[in-house]
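Quick note, the sequence shown lines up with residues 4 to 426 if you use the working numbering.
Just to be clear, a hint being listed does not mean it is correct.
Cross-link-like lysine-lysine pairs, in silico, DSSO-like; alpha carbons within 30 Å at most [unchecked claim]:
#: 1; residue 1: Lys-412; residue 2: Lys-257
#: 2; residue 1: Lys-313; residue 2: Lys-346
#: 3; residue 1: Lys-277; residue 2: Lys-319
#: 4; residue 1: Lys-277; residue 2: Lys-121
#: 5; residue 1: Lys-313; residue 2: Lys-412
#: 6; residue 1: Lys-386; residue 2: Lys-260
#: 7; residue 1: Lys-326; residue 2: Lys-260
#: 8; residue 1: Lys-121; residue 2: Lys-96
#: 9; residue 1: Lys-346; residue 2: Lys-386
#: 10; residue 1: Lys-330; residue 2: Lys-314
#: 11; residue 1: Lys-22; residue 2: Lys-128
#: 12; residue 1: Lys-257; residue 2: Lys-424
#: 13; residue 1: Lys-326; residue 2: Lys-220
#: 14; residue 1: Lys-424; residue 2: Lys-220
#: 15; residue 1: Lys-327; residue 2: Lys-220
#: 16; residue 1: Lys-260; residue 2: Lys-356
#: 17; residue 1: Lys-346; residue 2: Lys-314
#: 18; residue 1: Lys-177; residue 2: Lys-27
#: 19; residue 1: Lys-128; residue 2: Lys-115
#: 20; residue 1: Lys-338; residue 2: Lys-326
#: 21; residue 1: Lys-277; residue 2: Lys-326
#: 22; residue 1: Lys-389; residue 2: Lys-277
#: 23; residue 1: Lys-277; residue 2: Lys-260
#: 24; residue 1: Lys-257; residue 2: Lys-177
#: 25; residue 1: Lys-356; residue 2: Lys-331
#: 26; residue 1: Lys-386; residue 2: Lys-177
#: 27; residue 1: Lys-346; residue 2: Lys-327
#: 28; residue 1: Lys-330; residue 2: Lys-319
#: 29; residue 1: Lys-327; residue 2: Lys-277
#: 30; residue 1: Lys-27; residue 2: Lys-96
#: 31; residue 1: Lys-277; residue 2: Lys-386
With beta-carbon atoms standing in for the labels, derived distance ranges [said to hold, decoys possible]:
#: 32; residue 1: Glu-275; residue 2: Lys-27; range: 33 to 43 Å
#: 33; residue 1: Leu-341; residue 2: Lys-403; range: 47 to 57 Å
#: 34; residue 1: Tyr-298; residue 2: Pro-163; range: 19 to 29 Å
#: 35; residue 1: Lys-257; residue 2: Glu-279; range: 51 to 61 Å
Keep in mind that the hints were calculated from the coordinates and are not lab data. Each residue gets a CB set at the ideal place from its N, CA and C atoms; glycine is no exception.
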Amino acid sequence: MFSERFIDLLNAELSSLEKAPLLKPKTRKDWEVGIQQQASGLADLNPSRVIGVTLTPDAPDSAKADVPRGSAEDPVTDIAVCCAEDLLIIEVKIIDVSAEAQVTSQVESICKDLDAEKVSPLCLKWEAIIGVLQDVQEVGRENENSVLQHYLDYLEAHHPEWFPVSPFSTAMSKATALKRIHRLADNCIPLVTSDPNSDAMAEQFGDSAIVPLPSLKYVREFHLQARPEGESFEELRIVLWLGNSIGQSRNFFKENKEIQDSLSWTQERDIEIKGEIFAMEVTPYLKFSHIMGRYVMEAYPSPEEIGWEKKHIREKFLPILSKKWQKKDWPELLKFLLEENPKFLLEPDEFRKSFKEQFETSGRNFVDMALGYEIVVHVPAEKLEKMDPQDTQRFNATGKNDRVALLVKSVIETLRDRIEKRP
């Protein structure tokens, strides 16, 4: 069955080149596979057509060139497949290197004394092969302990990046969830920027996918995070940091016509999106950073001490807590936080210890401080599973077809309704 699905994959590529399709094998003699064979021996098979195939993790234009093995006169092939009268020469890479030149050289070497048609390399990605393997396993899924299933489990553990994007499910691994989240981030961009032609790009950072919010002055981006329970996927977190730099903090707290002065919404513990209730946490924080705004440490103020009106924060805290502090002035900062306002920080002793380690004894000579709010919205895996179609092993939702992306957009819009003065 795999050979038939694999041939279907190759025939789709051949069709795009307006080449005749491969014939599917009728007997075992019509399908023979050889590993690490020299070109000279393969020429003896006298095929009517020699087709080069590359199998790499990514597209060839994003990969670097590799160095061929063997001599230029008689190179060694990775995999050779006789399919009826056609000969497939497959060059396999497990890292992002281009194999086109290498497999072309092998095809040329085999055909130099033959009257055989040469076909330009067909470029396949590992993701497509994994998809074929998953399709074959799906047909025989009653046998959960099959060799193929164990092989797929091994590949997913060691090369999760090769796997097609799968729909959210409660049974998915963290690695698989992250791949779906990265696709989700890409799908969110045209929705949250309201510009289908936006050149903004999602980024990956650790276990997060980052979606930019270029039109807002008080927040730069939001993060999509996978919260695992062990190695399984438990929930999606939508995280925003309002006021995460000195400039963003001042834009968030200053009096203006665009942003609400009341912070009463920060006391809410859930958010309603189209009749669904999702847990939400809103936490005030102090970010301490250094060169280029790079994060160093954080501290958490008491919400009651800060209060829920920006006017109070502007008058008492903002001039102190959203600014650059030179080393000579640090005693004044510490006095304000620890002596003049002893109830301001939730863990003053831990803060004092961290500040000493990260700044006073580190050789750093300034600190950028920013007062802001962290927002975390929790979306359980069970709800995501109901939103993603589960009828296919390979999931290809994009843009407005991604119901989870539409949910994320609604979350961002609902939060903006609380933060901003919107019509």
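Hints and how they fare:
With a C-alpha separation of about 26 Å, the suggested pair Lys-412 and Lys-257 falls inside the 30 Å cut-off, and the hint holds. For the hint pairing Lys-313 with Lys-346, the CA-to-CA distance comes to about 19 Å; that is within 30 Å, so the pair holds. Between Lys-277 and Lys-319 the alpha-carbon distance is near 38 Å, which puts this suggested pair outside the 30 Å criterion. This hinted pair does not check out: Lys-277 and Lys-121 have alpha carbons roughly 58 Å apart, beyond 30 Å.
Simply put, Lys-313 and Lys-412 have alpha-carbon atoms about 27 Å apart, close enough for the 30 Å limit, and the pair holds. Taking the CA atoms of Lys-386 and Lys-260, the gap is about 37 Å. The hint is violated against a cut of 30 Å. A hinted pair counts as satisfied when its Cα atoms are at most 30 Å apart, and Lys-326 with Lys-260 qualifies at roughly 23 Å. Of the supplied pair hints, the one linking Lys-121 and Lys-96 holds, its CA atoms being roughly 22 Å apart against a limit of 30 Å.
Proposed proximity of Lys-346 and Lys-386 is contradicted: the alpha carbons are some 40 Å apart, above 30 Å. Proximity of Lys-330 to Lys-314 is assessed by CA-CA distance (about 29 Å); at most 30 Å being required, the pair is judged to hold. Proposed proximity of Lys-22 and Lys-128 is supported: the alpha carbons are some 20 Å apart, at most 30 Å. Our distance criterion of 30 Å between C-alpha atoms is met by Lys-257 and Lys-424, whose separation comes to about 14 Å.
As the CA atoms of Lys-326 and Lys-220 are separated by approximately 17 Å, the hinted pair is consistent with the 30 Å bound. As the CA atoms of Lys-424 and Lys-220 are separated by approximately 14 Å, the hinted pair is consistent with the 30 Å bound. With a C-alpha separation of about 19 Å, the suggested pairing of Lys-327 with Lys-220 holds against the 30 Å cut-off. Distance hint between Lys-260 and Lys-356 is unfulfilled; the C-alpha atoms sit about 40 Å from each other, more than 30 Å.
A distance of roughly 20 Å separates the Cα atoms of Lys-346 and Lys-314; the hinted pair therefore holds under the 30 Å criterion. The suggested pairing of Lys-177 with Lys-27 is violated, with an alpha-carbon distance near 38 Å, which exceeds 30 Å. Pair hint Lys-128 plus Lys-115 holds up; C-alpha atoms about 28 Å apart against a cutoff of 30 Å. Proximity of Lys-338 to Lys-326 is assessed by CA-CA distance (about 16 Å); at most 30 Å being required, the pair is judged to hold.
Taken as a hint, the Lys-277 and Lys-326 pair is broken in the structure, with Cα atoms around 40 Å apart against an allowance of 30 Å. For the hint pairing Lys-389 with Lys-277, the CA-to-CA distance comes to about 15 Å; that is within 30 Å, so the pair holds. Distance check on the hinted pair: Lys-277 and Lys-260 sit about 28 Å apart at the alpha-carbon level, within 30 Å; holds. Between Lys-257 and Lys-177 the alpha-carbon distance is near 40 Å, which puts this suggested pair outside the 30 Å criterion.
About 19 Å separates the Cα atoms of Lys-356 and Lys-331, which keeps this hinted pair within 30 Å; it holds. Of the supplied pair hints, the one linking Lys-386 and Lys-177 holds, its CA atoms being roughly 17 Å apart against a limit of 30 Å. Annotation: proposed proximity of Lys-346 to Lys-327 holds, straight-line Cα distance about 23 Å (limit 30 Å). The hinted pair formed by Lys-330 and Lys-319 meets the criterion: a straight-line CA distance of about 22 Å does not exceed 30 Å.
Between the alpha carbons of Lys-327 and Lys-277 the distance comes to roughly 42 Å, so the proposed pair goes past 30 Å and is violated. In summary, the hint linking Lys-27 to Lys-96 is supported, as the alpha carbons are separated by about 26 Å, within the 30 Å threshold. A C-alpha spacing of about 13 Å is found between Lys-277 and Lys-386, which places the hinted pair at or below 30 Å, so the restraint holds. The beta-carbon spacing between Glu-275 and Lys-27, approximately 54 Å, falls outside the hinted interval of 33 to 43 Å.
One distance hint, 47 to 57 Å for the beta-carbon pair Leu-341 and Lys-403, holds here, with the actual separation near 51 Å. Distance hint check for Tyr-298 and Pro-163: the Cβ-Cβ separation is about 27 Å, which falls inside the suggested range of 19 to 29 Å. Taking the beta carbon of each, Lys-257 and Glu-279 are about 34 Å apart, not inside 51 to 61 Å as hinted.
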